[in-house]
Structures are given as structure tokens and as C-alpha cells.
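From just these sequences and the hints, can you work out the full model?
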Amino acid sequence: MSRKERRKHIRISTVLPVEFFLADKNGKQITPWLQGFTQDIGKGGICLRVNDLWWGFWDRFNHFDNKVFLQIKLPFRKEPLFLEARIRWLDSKELKNFFQYKIGLEFKGASQRESRLTFKFALLKKITPFAITAILILLVLAFSFLFWRKERIAQKNQELVNEYGMILQRNEYLLQALEDSQEMESYFHQRKEDLSQRIEELRQAIAGLESERAFFQGIQEKDQ
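For the sequence shown, the numbering used here gives the first residue as 1, with consecutive numbering after it.
Because the hints were derived from the structure by calculation, they are not lab data. Everything numeric in this text was worked out from a predicted model, so none of it was measured. It is possible that some hints are incorrect.
Straight-line alpha carbon distances no greater than 27 Å define the calculated DSS-like cross-link-like pairs of lysine-lysine that follow [to be verified]:
#1 Lys25 <-> Lys67
#2 Lys108 <-> Lys28
#3 Lys78 <-> Lys25
#4 Lys25 <-> Lys108
#5 Lys108 <-> Lys78
#6 Lys102 <-> Lys28
#7 Lys96 <-> Lys43
#8 Lys67 <-> Lys102
#9 Lys93 <-> Lys43
#10 Lys102 <-> Lys25
#11 Lys67 <-> Lys43
#12 Lys96 <-> Lys28
#13 Lys102 <-> Lys156
#14 Lys28 <-> Lys67
#15 Lys73 <-> Lys108
#16 Lys67 <-> Lys96
#17 Lys78 <-> Lys67
#18 Lys73 <-> Lys102
#19 Lys78 <-> Lys43
#20 Lys156 <-> Lys192
#21 Lys43 <-> Lys108
#22 Lys156 <-> Lys108
Now the structure itself:
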């Protein structure tokens, strides 16, 4: 099967331990339980990676009519998932110390529901680091905004305090000016009364002098 056909469905790269065994087309188990790991998971199947099949069961995987029964343990489930799949493609690669085999599996029948659950878990596992990173970035941005907001409020509060201090000083100055004005008004009022009294005294003195002048003038006229 071509790589293009293998990738016709979206697949999520994730690693989960898998226990499995091979059965013939009638469902009869023909291998013991084996262990491998998922390389990627899709809605309709998985890529199973198995290292060093030295026990000699690899030739039995070449029969595409055979079935594979899998058991996958998910962290959030108490009971493992049991799935039935058929072999779609095979691949092998020689590494430094062992052979690595890859088995492309397509889920069948009722297993498709469990496969969707496995895919959702793989998707969640894949996006969780990005989601956590995004949340951390949002928290940092929110903290930065709150810190900036706090500084702005503190700065504005200091400006209001300074303005209030200036208003108090201005008010004190105006109160002192008003008090001085009232004192000046009282002083001029008293001064006005004193001057009025003095003017009245002078008028009386002038009137007395006029009377004396008239008296002496009358005497002089008689003597003449």
C-alpha cells in the first residue's frame, strides 16, 4: 500500500503501550500476547511499532487475512480498551542493534467506537502542551496587564493626592486672604468711625470758634 493511501486519514503522533496477539481469519489465536507501541493514531486505525521480533512470528503478519486483537490502556480509564483490527500494510527497518517493524492496522466493526476514543485521547495529549502554553501566555499577559493597571492606578492616585494637597494649600491661602480682608475691612470701618467722630469734633470746634468770633465782633461794633 502506498504512503499516500496510508495517510488518507488524519493521524496524531503519540506513543502508548499496546498488548496484542495475532489471530487467523476465523479469530483463532496463533501467537502469544506481544507488546508494542503506537507510533501514530487515527480515527480509523493506528501504526503499531514493534522492536526486534526475534521469536519468529513476523512471517505470520504477512498474511493480510489474519486479524490483530489489541489491548490499550488509557490513563483516564480503569479498564483497558479492546480493539479488533486487520493488517493494512507492513514495513521494517534495520537499526543499529535490532530490527524495527511497523504494522499499519485498520479497526473493524465495534472497535471503531473505541478507536475514536483512542484518537480523541491522542488528540488531547497532543494539544495539551500547546493549550498549557497558551494558558501560561494568557496568564502572563493578564498578570502584566494587572501589574500595569496597578501602576497606572497608583500613579493616578499619587497625582490625585498631589492635586488634593495643592487644593488644600490654595484653600488655606484663600482662607488667610479672606481673614486678612476681614481684618482690613474691620480696620477701615473703625478708621472711618474715628474719622467721622473727629470730623464731628472739628465741626463743633469750628462752630464754637464762629460763635466766639461773632461775639467779639459784636463787642467791637458796640465800642465803635
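Each hint tested on the structure:
1. Between Lys25 and Lys67, the direct Cα distance comes to roughly 6 Å. Compliance with the 27 Å bound is thereby established for this hinted pair.
2. About 16 Å separates the Cα atoms of Lys108 and Lys28, which keeps this hinted pair within 27 Å; it holds.
3. Distance hint between Lys78 and Lys25 is unfulfilled; the C-alpha atoms sit about 30 Å from each other, more than 27 Å.
4. Simply put, Lys25 and Lys108 have alpha-carbon atoms about 13 Å apart, close enough for the 27 Å limit, and the pair holds.
5. With a C-alpha separation of about 23 Å, the suggested pairing of Lys108 with Lys78 holds against the 27 Å cut-off.
6. Distance restraint check for Lys102 and Lys28: the Cα-Cα separation of roughly 23 Å lies within the 27 Å cut-off, and the hinted pair is therefore satisfied.
7. Note on Lys96 and Lys43: the hinted pairing is violated, with a Cα-Cα distance of about 33 Å set against a maximum of 27 Å.
8. As the CA atoms of Lys67 and Lys102 are separated by approximately 16 Å, the hinted pair is consistent with the 27 Å bound.
9. Between Lys93 and Lys43 the CA atoms are separated by roughly 26 Å; this keeps the pair inside 27 Å, and the hint holds.
10. For the hint pairing Lys102 with Lys25, the CA-to-CA distance comes to about 21 Å; that is within 27 Å, so the pair holds.
11. For the suggested pair Lys67 and Lys43, the alpha carbons sit about 18 Å apart, so the restraint of at most 27 Å is met.
12. A threshold of 27 Å between alpha carbons decides the hint, and for Lys96 with Lys28 the separation of about 35 Å lies outside it, so the pair is violated.
13. With a C-alpha separation of about 66 Å, the suggested pair Lys102 and Lys156 falls outside the 27 Å cut-off, and the hint is violated.
14. Annotation: proposed proximity of Lys28 to Lys67 holds, straight-line Cα distance about 9 Å (limit 27 Å).
15. Taking the CA atoms of Lys73 and Lys108, the gap is about 19 Å. The hint holds against a cut of 27 Å.
16. Restraint check: the Cα-Cα separation between Lys67 and Lys96 comes to about 30 Å, which exceeds 27 Å; the hinted pair is violated.
17. Of the pairs offered as hints, the one joining Lys78 and Lys67 holds, with about 26 Å between alpha carbons and a cut-off of 27 Å not exceeded.
18. Between the alpha carbons of Lys73 and Lys102 the distance comes to roughly 20 Å, so the proposed pair stays at or under 27 Å and holds.
19. For the given pair, Lys78 sits about 22 Å from Lys43 by alpha-carbon distance, which is consistent with the 27 Å threshold.
20. A C-alpha spacing of about 52 Å is found between Lys156 and Lys192, which places the hinted pair above 27 Å, so the restraint is violated.
21. The suggested pairing of Lys43 with Lys108 holds, with an alpha-carbon distance near 11 Å, which does not exceed 27 Å.
22. The straight-line distance between the Cα atoms of Lys156 and Lys108 is roughly 68 Å, outside the 27 Å bound, and the hint therefore fails.
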